[in-house]
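Number of protein chains: 2
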Amino acid sequence: MPPGVACGVGGFLPSTMPNTHPSYVELSKLVREVSTLGSIASLLGWDQETYMPAGGVDARAEQQGLLAGIIHERKTQKKIGDLIAACEGEVGKSIETGSPEAANIREMRRDYDLATKLPTSLVQEWATTTSKASEEWKHAREKSDFKKFAPWLGKVMDLCKQKAACYGVPKGGEAYDALLNEYEPGITAVEIEQVFTPLRARLSDLIHRVAKSKAKVSTKILSAKVPAEAQHAFGQFVLGAMGFDMNAGRLDTTTHPFCSGIAPGDTRLTTRYRGEKFTDALYGTMHEMGHGLYEQGLPKKGPNAGTPLAGDISLGIHESQSRMWENFVGRSREFWSWALPHVRKHYGPHAKAFKSAKVEDLYRAVNTCTPSFIRVEADEGTYNLHVMIRFEIERALLSGSLSAKDVPGVWNAKYKEYLGLKVPDDRRGCLQDVHWSFGLVGYFPTYTLGNLYAAQLWETINKKIKDLPARISKGDFAALKKWLNTNIHAHGRRYRAAELCEKVTGKPLSADPLMRHLESKLGGVYGLASAR
Amino acid sequence: MPPGVACGVGGFLPSTMPNTHPSYVELSKLVREVSTLGSIASLLGWDQETYMPAGGVDARAEQQGLLAGIIHERKTQKKIGDLIAACEGEVGKSIETGSPEAANIREMRRDYDLATKLPTSLVQEWATTTSKASEEWKHAREKSDFKKFAPWLGKVMDLCKQKAACYGVPKGGEAYDALLNEYEPGITAVEIEQVFTPLRARLSDLIHRVAKSKAKVSTKILSAKVPAEAQHAFGQFVLGAMGFDMNAGRLDTTTHPFCSGIAPGDTRLTTRYRGEKFTDALYGTMHEMGHGLYEQGLPKKGPNAGTPLAGDISLGIHESQSRMWENFVGRSREFWSWALPHVRKHYGPHAKAFKSAKVEDLYRAVNTCTPSFIRVEADEGTYNLHVMIRFEIERALLSGSLSAKDVPGVWNAKYKEYLGLKVPDDRRGCLQDVHWSFGLVGYFPTYTLGNLYAAQLWETINKKIKDLPARISKGDFAALKKWLNTNIHAHGRRYRAAELCEKVTGKPLSADPLMRHLESKLGGVYGLASAR
Numbered sequence: 002m003p004p005g006v007a008c009g010v011g012g013f014l015p016s017t018m019p020n021t022h023p024s025y026v027e028l029s030k031l032v033r034e035v036s037t038l039g040s041i042a043s044l045l046g047w048d049q050e051t052y053m054p055a056g057g058v059d060a061r062a063e064q065q066g067l068l069a070g071i072i073h074e075r076k077t078q079k080k081i082g083d084l085i086a087a088c089e090g091e092v093g094k095s096i097e098t099g100s101p102e103a104a105n106i107r108e109m110r111r112d113y114d115l116a117t118k119l120p121t122s123l124v125q126e127w128a129t130t131t132s133k134a135s136e137e138w139k140h141a142r143e144k145s146d147f148k149k150f151a152p153w154l155g156k157v158m159d160l161c162k163q164k165a166a167c168y169g170v171p172k173g174g175e176a177y178d179a180l181l182n183e184y185e186p187g188i189t190a191v192e193i194e195q196v197f198t199p200l201r202a203r204l205s206d207l208i209h210r211v212a213k214s215k216a217k218v219s220t221k222i223l224s225a226k227v228p229a230e231a232q233h234a235f236g237q238f239v240l241g242a243m244g245f246d247m248n249a250g251r252l253d254t255t256t257h258p259f260c261s262g263i264a265p266g267d268t269r270l271t272t273r274y275r276g277e278k279f280t281d282a283l284y285g286t287m288h289e290m291g292h293g294l295y296e297q298g299l300p301k302k303g304p305n306a307g308t309p310l311a312g313d314i315s316l317g318i319h320e321s322q323s324r325m326w327e328n329f330v331g332r333s334r335e336f337w338s339w340a341l342p343h344v345r346k347h348y349g350p351h352a353k354a355f356k357s358a359k360v361e362d363l364y365r366a367v368n369t370c371t372p373s374f375i376r377v378e379a380d381e382g383t384y385n386l387h388v389m390i391r392f393e394i395e396r397a398l399l400s401g402s403l404s405a406k407d408v409p410g411v412w413n414a415k416y417k418e419y420l421g422l423k424v425p426d427d428r429r430g431c432l433q434d435v436h437w438s439f440g441l442v443g444y445f446p447t448y449t450l451g452n453l454y455a456a457q458l459w460e461t462i463n464k465k466i467k468d469l470p471a472r473i474s475k476g477d478f479a480a481l482k483k484w485l486n487t488n489i490h491a492h493g494r495r496y497r498a499a500e501l502c503e504k505v506t507g508k509p510l511s512a513d514p515l516m517r518h519l520e521s522k523l524g525g526v527y528g529l530a531s532a533r
Numbered sequence: 002m003p004p005g006v007a008c009g010v011g012g013f014l015p016s017t018m019p020n021t022h023p024s025y026v027e028l029s030k031l032v033r034e035v036s037t038l039g040s041i042a043s044l045l046g047w048d049q050e051t052y053m054p055a056g057g058v059d060a061r062a063e064q065q066g067l068l069a070g071i072i073h074e075r076k077t078q079k080k081i082g083d084l085i086a087a088c089e090g091e092v093g094k095s096i097e098t099g100s101p102e103a104a105n106i107r108e109m110r111r112d113y114d115l116a117t118k119l120p121t122s123l124v125q126e127w128a129t130t131t132s133k134a135s136e137e138w139k140h141a142r143e144k145s146d147f148k149k150f151a152p153w154l155g156k157v158m159d160l161c162k163q164k165a166a167c168y169g170v171p172k173g174g175e176a177y178d179a180l181l182n183e184y185e186p187g188i189t190a191v192e193i194e195q196v197f198t199p200l201r202a203r204l205s206d207l208i209h210r211v212a213k214s215k216a217k218v219s220t221k222i223l224s225a226k227v228p229a230e231a232q233h234a235f236g237q238f239v240l241g242a243m244g245f246d247m248n249a250g251r252l253d254t255t256t257h258p259f260c261s262g263i264a265p266g267d268t269r270l271t272t273r274y275r276g277e278k279f280t281d282a283l284y285g286t287m288h289e290m291g292h293g294l295y296e297q298g299l300p301k302k303g304p305n306a307g308t309p310l311a312g313d314i315s316l317g318i319h320e321s322q323s324r325m326w327e328n329f330v331g332r333s334r335e336f337w338s339w340a341l342p343h344v345r346k347h348y349g350p351h352a353k354a355f356k357s358a359k360v361e362d363l364y365r366a367v368n369t370c371t372p373s374f375i376r377v378e379a380d381e382g383t384y385n386l387h388v389m390i391r392f393e394i395e396r397a398l399l400s401g402s403l404s405a406k407d408v409p410g411v412w413n414a415k416y417k418e419y420l421g422l423k424v425p426d427d428r429r430g431c432l433q434d435v436h437w438s439f440g441l442v443g444y445f446p447t448y449t450l451g452n453l454y455a456a457q458l459w460e461t462i463n464k465k466i467k468d469l470p471a472r473i474s475k476g477d478f479a480a481l482k483k484w485l486n487t488n489i490h491a492h493g494r495r496y497r498a499a500e501l502c503e504k505v506t507g508k509p510l511s512a513d514p515l516m517r518h519l520e521s522k523l524g525g526v527y528g529l530a531s532a533r
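Chains as they are written, first to last, in the numbering used here: chain A, 2 to 533; chain B, 2 to 533.
So here's chain A without its partners, still in its complex pose (with noise of 0.2 Å):
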């Protein structure tokens, strides 16, 4: 099959013919080749996971170093900044205003200003600062000592502070716009508050019920073991049913799980097996595999190739697609009506127990709800309050209403009251995510903003296929696919989130379809009274 049809959604069509202002077309090219560039260091950190052998390390330091070089060096390179510039000047002339190449121009800025608005020791103070700040957090969490870390998250903050004034604070906004700009473009801290609050409470709320709830929820069939081949030709079987293109994909195994799309035609899922959870590599894969279906229905191929158009939305969107697959989908009974004979068939003499296992013993165990420590661990329901934790917390600290040395007792008071939990350690508390170190701030939230996007969609592309879940059942997801690669993937980056949430659902984001999805799910599970 050649790889344009092989690629989903067989490239971007715009309503018009691509624009061909000479600078928009010089423009285009070089934005390409940084893109190209960009494609073979993800090819690099992939290979690194993956098969590197492990004296390769030093080597592929030097190699990742010097191709970044030449990445920033292009990526900043004064052409581009003049020739964006004279591209703006054309839009409402001879770029049409609202058009596909408007919204490439004002991604192309974007991408330029955030690359271009750090000033070098601003950079290299950054890299040095969280290199050693990420060692720190490794030993101050294996010795739950937070002390030793806190001067270093204290660092960190005024780092993030000094980079957020350099990227410029939107007029009315805060420090902490400017820094969510980089992973999620567009929306503003009040946006996510306005959203969360809700959430918070009814999230908690339903989590206290389920806590109470005396029904029993037996997860003894998720403890059967299933050697890591037939895991492995599962996950590939699963891949192949939902539309995975395997011709322009892989799947490997790594430490942790990741989909890179290195390149048009080229996306890889990597997943990892346990052999006493089998529901871990498999929603891992269809996690994964989510991701992956977005980087194969971007319009990749044809004009807009290489450039910020062909690319995806935000951390959000994206994390929508994955968790849409893995929870909507993949927690559902359809789901498990579809899929429980395959496992049978796949796992065969090594998974007895699912000989004697029904439909509803697997969707009950699927979907526990219990409150935990550790957000990686966290299942469906308790996730968000991790992620919502973490967003009041780094907001606080950047606006200087928290400081560093006070984070444990924060932290420690939110997980008491919104999960009813005492944290026993920092370990287990405050040092358990990485992301800090690194000066990731304003990344949590992306979480909770892709659970929420995957709610809000799935009720509208059940009003569209009426009979999606009849569908599922049957182990039939190109209507679902075909829905998504259309409404979502193929538009690639012309719309930002919010705007593209409106046009296809109709309203703008709202706590209230995750919270209808996990009231009815848990409810019914758990026996509450407000259940289906």
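Please note that a few of the clues may not be correct.
Just so you know, same-sequence chains aren't split out, so a pair can sit in one copy or run between any two.
[Unchecked claim] Distance condition first, Cα-Cα at most 30 Å in a straight line; then the derived BS3-like pairs of lysine-lysine:
hint : residue 1 : residue 2
1    : Lys406    : Lys148
2    : Lys467    : Lys79
3    : Lys30     : Lys133
4    : Lys133    : Lys302
5    : Lys148    : Lys353
6    : Lys79     : Lys30
7    : Lys149    : Lys118
8    : Lys156    : Lys139
9    : Lys80     : Lys30
10   : Lys76     : Lys30
11   : Lys417    : Lys215
12   : Lys464    : Lys508
13   : Lys359    : Lys508
14   : Lys464    : Lys482
15   : Lys79     : Lys162
16   : Lys221    : Lys278
17   : Lys406    : Lys133
18   : Lys475    : Lys464
19   : Lys359    : Lys475
20   : Lys164    : Lys423
To be clear, the hints were calculated from the coordinates, so they are not data collected in a lab.
Place chain B on chain A using the hints.
Here is chain B on its own, set in the frame of chain A:
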């Protein structure tokens, strides 16, 4: 294990401290960057052959094209030329004559000249013409229709002549010498002829005597069916036993086996498995491992990292390493007396045939000698005649004493004379190899130079390590590997091939060692009069 230790001999130890002349230091840095970019291109190439999904091919071509442009730009930058000239002026002054640094400057000059002496117009015409010629060759070979290919061979040869003229033909030399410099620096066509002429005569005589022999050599054991997994596990076992560092390398499966010395600490081998001829993969793996041990043993770390001094000498010397492990070790009685019990263990239930097989059965089966039409399928005895025929023909084409259209006649006459074969058609005759269509002229002789160097080194090694056969039969390959590490690999590109040969073996390259080896072995297998 730290990469430095992992990488064979652990770095180059020059007799003097590295030169610190500013021009030399700056030159080394620039050259090293080009080398690092080259290592990235190698990884892209490896990935394309191993794990890249089919859909990634267009993007990969774009990545490689862009990278090749950047490499060429940097490799040919005027600053490098100026610095080389400055350093050349320092040899005999601040840079000692005959020192590693002087050798490095000599090789940097060679690389720079190769990269800069061809005008852009010729490079472009070369790319276009060879691309078309290789397509035409494919079609012509399929239809066994040399007439279709003849005009293209003529065009390629014209370009080769122009190329040689640009490189500059050495005084008293011929155009062919200028092309040889790309693959086997320092050698001339006359020098090759002086070794090939006696080799051809003695070899042709030997082959004719073998053909007349009434001895029967059974190859039945070679067709035992062995599953790919068992072959792969055994291949990995052999690599480990022979000292290939798997912490600094890998073994994968590809259509065509190769070795890619991607970077320090990262040397990757590939092989292919045929269910019905296990020696294909076994000798393929040992062949590539010979290349791989050379790569792992080169002085890639330390002050000369990324400079020519850290590289291999020539295709001939590289091939000598692969042929030594494949033929001199791998086709010996001693190898099989060590390997057979391990074969029985690894191939286990799949290979009943090996239970009753004797060492002598294997030894004889892998040392048959039968004239055949196809070079890449030829045995150790007849192989070099295939090469010499190509050398003679391409030299004549380049000098103009032979026209493209007359190639089949000459080819067929030589196959009759040297190998006693009547070539049935051009597909199995002068259309079998891709080399000429790509303009690779001067490449073929390096295959036989590799065999010659291997034989001459082997005699010396056996004088230095008197109990080598006994060691091999015990599976002790350490002394051999160490000798190669110290006497060949660790020098990097300090000496030219002929120089290294004399330095190590005490004699200039000669046909005698290879002929002694083949006459002794084939004499024994076929019971010839002069057998030991």
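* **Hints violated by the structure (numbers, ascending)** => Those not satisfied are hints 2, 5, 7, 13 and 20.
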